[in-house]
Amino acid sequence: MELIRPNTNFNFMKYRWMFISVSLSLILWSIFLWSSTGASKYSVDFLGGIELLVQFEKPIEIDRVRQVVSDSGAQNAIVQAFKDGPNIFSIRTKSDASADKAKTLHKALEQLADGQKFTLLREDVIGPVIGDEVATGALYALAFSLLGQLIYITARFEFRFALGAIVALLHDVIITTGVYIYSGREIDAATVAAMLTIIGYSVNDTIIVFDRVRENILHLLKKAGKKESSRVYRFSDILNQSVNQTLSRTVLTSLTVLFSTVALWRLGGEGLSHLAFPLVIGVIVGSYSTIFIASPVVWMLEPRGDSKTASTGSQPAKKL
Amino acid sequence: MLQRLTARGWLVIGLTVLSFVLLVPTILSALGKPIPKGWPSDEIKLGLDLRGGIHLSLDVQTKEAVKSQLASLALGIKAQLKREGVRVKSARQTGEDLVEISLFDDSQLLKVSDLLRSDYPDLKELSRAPAGAQRISLTYQLGANKAAEIEKNAVTQAIEILRNRIDQTGTKEPLIQKSGERRIMVQLPDLEQKDIGLVRDTIGKVAKLEFYLVADGANTSGVPTKKVKNREGGDLTLEDQVLMTGDVIETVHPEPDIGSGSYQISFKLTATGAKLFEELTGENTHRRMAVVLDGVAQSAPEIQERIAGGSARITGGFGVEEARFLSIVLRAGALPAPLVFLEERTVGATLGADSIKKGVMSLGLSTLIVVVFMITYYRKAGFFAVVSVTLNLLFLLASLAFLGATLTLPGLAGLALTVGMAVDGNIVIYERIRDELRIGASARAAIEAGFDKAHWTILDSNITTLLSGIILYIFGAGPIRGFAVTLSIGILTTVFTVLVVGKMGFDTFRFQDRKGELSI
Numbered sequence: 013m014e015l016i017r018p019n020t021n022f023n024f025m026k027y028r029w030m031f032i033s034v035s036l037s038l039i040l041w042s043i044f045l046w047s048s049t050g051a052s053k054y055s056v057d058f059l060g061g062i063e064l065l066v067q068f069e070k071p072i073e074i075d076r077v078r079q080v081v082s083d084s085g086a087q088n089a090i091v092q093a094f095k096d097g098p099n100i101f102s103i104r105t106k107s108d109a110s111a112d113k114a115k116t117l118h119k120a121l122e123q124l125a126d127g128q129k130f131t132l133l134r135e136d137v138i139g140p141v142i143g144d145e146v147a148t149g150a151l152y153a154l155a156f157s158l159l160g161q162l163i164y165i166t167a168r169f170e171f172r173f174a175l176g177a178i179v180a181l182l183h184d185v186i187i188t189t190g191v192y193i194y195s196g197r198e199i200d201a202a203t204v205a206a207m208l209t210i211i212g213y214s215v216n217d218t219i220i221v222f223d224r225v226r227e228n229i230l231h232l233l234k235k236a237g238k239k240e241s242s243r244v245y246r247f248s249d250i251l252n253q254s255v256n257q258t259l260s261r262t263v264l265t266s267l268t269v270l271f272s273t274v275a276l277w278r279l280g281g282e283g284l285s286h287l288a289f290p291l292v293i294g295v296i297v298g299s300y301s302t303i304f305i306a307s308p309v310v311w312m313l314e315p316r317g318d319s320k321t322a323s324t325g326s327q328p329a330k331k332l
Numbered sequence: 083m084l085q086r087l088t089a090r091g092w093l094v095i096g097l098t099v100l101s102f103v104l105l106v107p108t109i110l111s112a113l114g115k116p117i118p119k120g121w122p123s124d125e126i127k128l129g130l131d132l133r134g135g136i137h138l139s140l141d142v143q144t145k146e147a148v149k150s151q152l153a154s155l156a157l158g159i160k161a162q163l164k165r166e167g168v169r170v171k172s173a174r175q176t177g178e179d180l181v182e183i184s185l186f187d188d189s190q191l192l193k194v195s196d197l198l199r200s201d202y203p204d205l206k207e208l209s210r211a212p213a214g215a216q217r218i219s220l221t222y223q224l225g226a227n228k229a230a231e232i233e234k235n236a237v238t239q240a241i242e243i244l245r246n247r248i249d250q251t252g253t254k255e256p257l258i259q260k261s262g263e264r265r266i267m268v269q270l271p272d273l274e275q276k277d278i279g280l281v282r283d284t285i286g287k288v289a290k291l292e293f294y295l296v297a298d299g300a301n302t303s304g305v306p307t308k309k310v311k312n313r314e315g316g317d318l319t320l321e322d323q324v325l326m327t328g329d330v331i332e333t334v335h336p337e338p339d340i341g342s343g344s345y346q347i348s349f350k351l352t353a354t355g356a357k358l359f360e361e362l363t364g365e366n367t368h369r370r371m372a373v374v375l376d377g378v379a380q381s382a383p384e385i386q387e388r389i390a391g392g393s394a395r396i397t398g399g400f401g402v403e404e405a406r407f408l409s410i411v412l413r414a415g416a417l418p419a420p421l422v423f424l425e426e427r428t429v430g431a432t433l434g435a436d437s438i439k440k441g442v443m444s445l446g447l448s449t450l451i452v453v454v455f456m457i458t459y460y461r462k463a464g465f466f467a468v469v470s471v472t473l474n475l476l477f478l479l480a481s482l483a484f485l486g487a488t489l490t491l492p493g494l495a496g497l498a499l500t501v502g503m504a505v506d507g508n509i510v511i512y513e514r515i516r517d518e519l520r521i522g523a524s525a526r527a528a529i530e531a532g533f534d535k536a537h538w539t540i541l542d543s544n545i546t547t548l549l550s551g552i553i554l555y556i557f558g559a560g561p562i563r564g565f566a567v568t569l570s571i572g573i574l575t576t577v578f579t580v581l582v583v584g585k586m587g588f589d590t591f592r593f594q595d596r597k598g599e600l601s602i
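Chain order of the listed sequences is F and B. Throughout, the numbering used here is defined as the position within the first sequence, counted from one, plus 12. Throughout, the numbering used here is defined as the position within the second sequence, counted from one, plus 82.
Check each hint, because a few of them may be wrong.
[Said to hold, decoys possible] Negatives, chain B to chain F, calculated, CB over 10 angstroms:
hint : residue
1    : 93
2    : 105
3    : 141
4    : 168
5    : 201
6    : 203
7    : 217
8    : 282
9    : 286
10   : 328
11   : 356
12   : 444
13   : 448
14   : 458
15   : 533
16   : 549
[Stated by the list, open to error] Simulated crosslink set (DSS-like; lysine-lysine; CA at most 27 angstroms straight-line):
hint : chain 1 : residue 1 : chain 2 : residue 2
17   : F       : 70        : B       : 115
18   : B       : 535       : F       : 235
19   : B       : 439       : F       : 234
20   : B       : 234       : B       : 206
21   : F       : 129       : B       : 254
22   : B       : 439       : F       : 95
23   : B       : 171       : B       : 149
24   : F       : 119       : B       : 311
25   : F       : 113       : B       : 439
26   : F       : 70        : B       : 276
27   : B       : 260       : F       : 115
28   : B       : 276       : F       : 119
29   : B       : 276       : F       : 113
30   : B       : 276       : F       : 115
31   : B       : 311       : F       : 115
32   : B       : 234       : F       : 113
33   : B       : 254       : F       : 115
34   : F       : 129       : F       : 115
35   : F       : 95        : B       : 276
[Said to hold, decoys possible] Okay, the calculated bits of chain F under chain B, using three or more residues with CB under 8 angstroms as the criterion:
hint : stretch
36   : 79-89
37   : 145-159
Calculated directly from the structure, the hints in this document are not laboratory data. For glycine and all other residues, C-beta sits at the position ideal for the given N, C-alpha and C.
Between the sequences and the hints, there should be enough to build the whole structure, so can you do that?
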């Protein structure tokens, strides 16, 4: 069975400006979303605060919950109903968190429950010190991750390939973040974990293509060693060819990971769904960037134009 | 179909058996049966987000520990000076790290300073109030090294006391450990909602018990006074000099206060404590002694007479729960320093169980979809890929059991991702084999070329994801770490199963379809 015909020959490079403009618009949209939402896009993980998930036995109007919460002293608390089950409410307040404040909130909610069963599903009380630490840790993690990928790919391929991969990576992270914020979710530690996973995973795809590019170049250089020729190949042709050849495996590998993550997202329950959603977006965007963005970027970074005698990273350059 | 079992094949079989051995505890505990002692691995622990429980990060206010110790030291100095025949007005802790000794006159100044120099080498004289004045006071400062030592010990001590207290509450499998220079991490699994409040209070209460004299018009020896809050409301003025602390308590238990319907805390003092108490009550008969717990006066009864025998009690109209709680914390001893709650995360047991159920279900479904796809798309080779992914998960879980790692909710996501990525590796190899077949290679040549050429691609892609996993582990905390661990180990097992088990499969079995061609 074949999902993608083995001899596709779509000219990705020719239409690159179309793909790049789509990407640029999405990136600009994401950056706009990021800057126009303030601190509210971060969860209590980073800002500190109290987050409660409670379930009442019998239905209660959300406004009564809001009233009780604000009466107990928690200013600017956000109360939301949860779709996951009946009578579940999430209450978030991002001001000074203290064990006492949480206690007061508890008591107030218990009073509201007024005798019926009141279950505390989850509670997070995060002080500002921890919030800062988590935020700093997240930034360092992202920075080191990107740096690490850059170094590794440069070692295995060549610097301009590494740049191409990093550009595709940043593209993926920015657009995934944009979609994530658009969906109304808050950025927390799990989101950062998902981003780091996407960073690692998105490079996978891209490496599959670059590997093929290197192999094709080597193959052609070897063949050309047998006869005289000043122009060995056109770089854009090689890139096109490589993307086409690896199309089936980039699509299929992304598809299988997509199966896993979509199942988690739709069926995994609150916690897993939350982690899986950015992964789903990341895999899709990552596929797109591998096929349509990574290679054009590498081509545009090519210093010697289209005719090629360039080297391929770990192999010495061959002049013809 | 079976060609030959290569060395690789034996290796794979060996590892499979080993994995089952390592997973025995997990299987047994899932079935509710006991684990045999001395087994090389433990059961895979579930994280708090799957089990339910409470996770706390506490900061030890070590500077307060220094102050406390100095206060005790001051008491000791006063007692010793008294034995040497020196009349001391007061000896108390002031400032951050100072002890101030006040004498009535300067006649024994030399004796005092000699004594302190010889017996208390950690204290260095800082200043003296002018000679010839009505009161002479010497101020001593604690050496920096000693202070640092006290701060370090405070953390260790706090951990021990917390352990003692939590054991008394009956929580099973508590985890209490140092996390950073001044931080303590506490994890209490399987906590019921109604017990959360008690446990939190048990951890947070310093339980510093101090005995003071109530300041009244007469009898003040010029000692400065301080106001403390009274338990029933209002303030109480005390002479700011600690006469006795809670470390003289030997045993403590709640007792019903017959006649008032409430409870009291009754305790027996140690031998030294009994003597001290006898002395204090003898010297201060008809004055009121205030019992102060964490800065709040619980009661301040009048001392009727000298009390020997070393028993005492605090009456304060306590409720039964409160009396029980206070007994727990007093029994374990006062915390050397107050603890600040930096972070508190609670997951209810219902949510935990729910998460496990949904997590396992979605994991199962995602694996099923992938299995169906592989078999449909790659036929017999696809079927073997499924076998290798199964072994992959087996090795992964066995590694977790061997390392004593904890499985968290994001860790389940890590398992799902591992399945997805393992299949990726197989896809890359199989597509390459298909490529080779298409250009006319024989089955054997295609297989060799496929594995050979795809070899580096697979290593590259997995190493990059591993890099992310390691960074996540370094900078992540709690459940996220669980995700990083499952993901990272999953990558290692994936590389092994895709390359080694995969190759072994093709070497050992002939995946042929009816036409005799490679079923891929």
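> So which of those numbered hints doesn't the model satisfy?
Replying inline: 3, 8, 9, 12, 13, 14, 16, 17, 19, 25, 32 and 36
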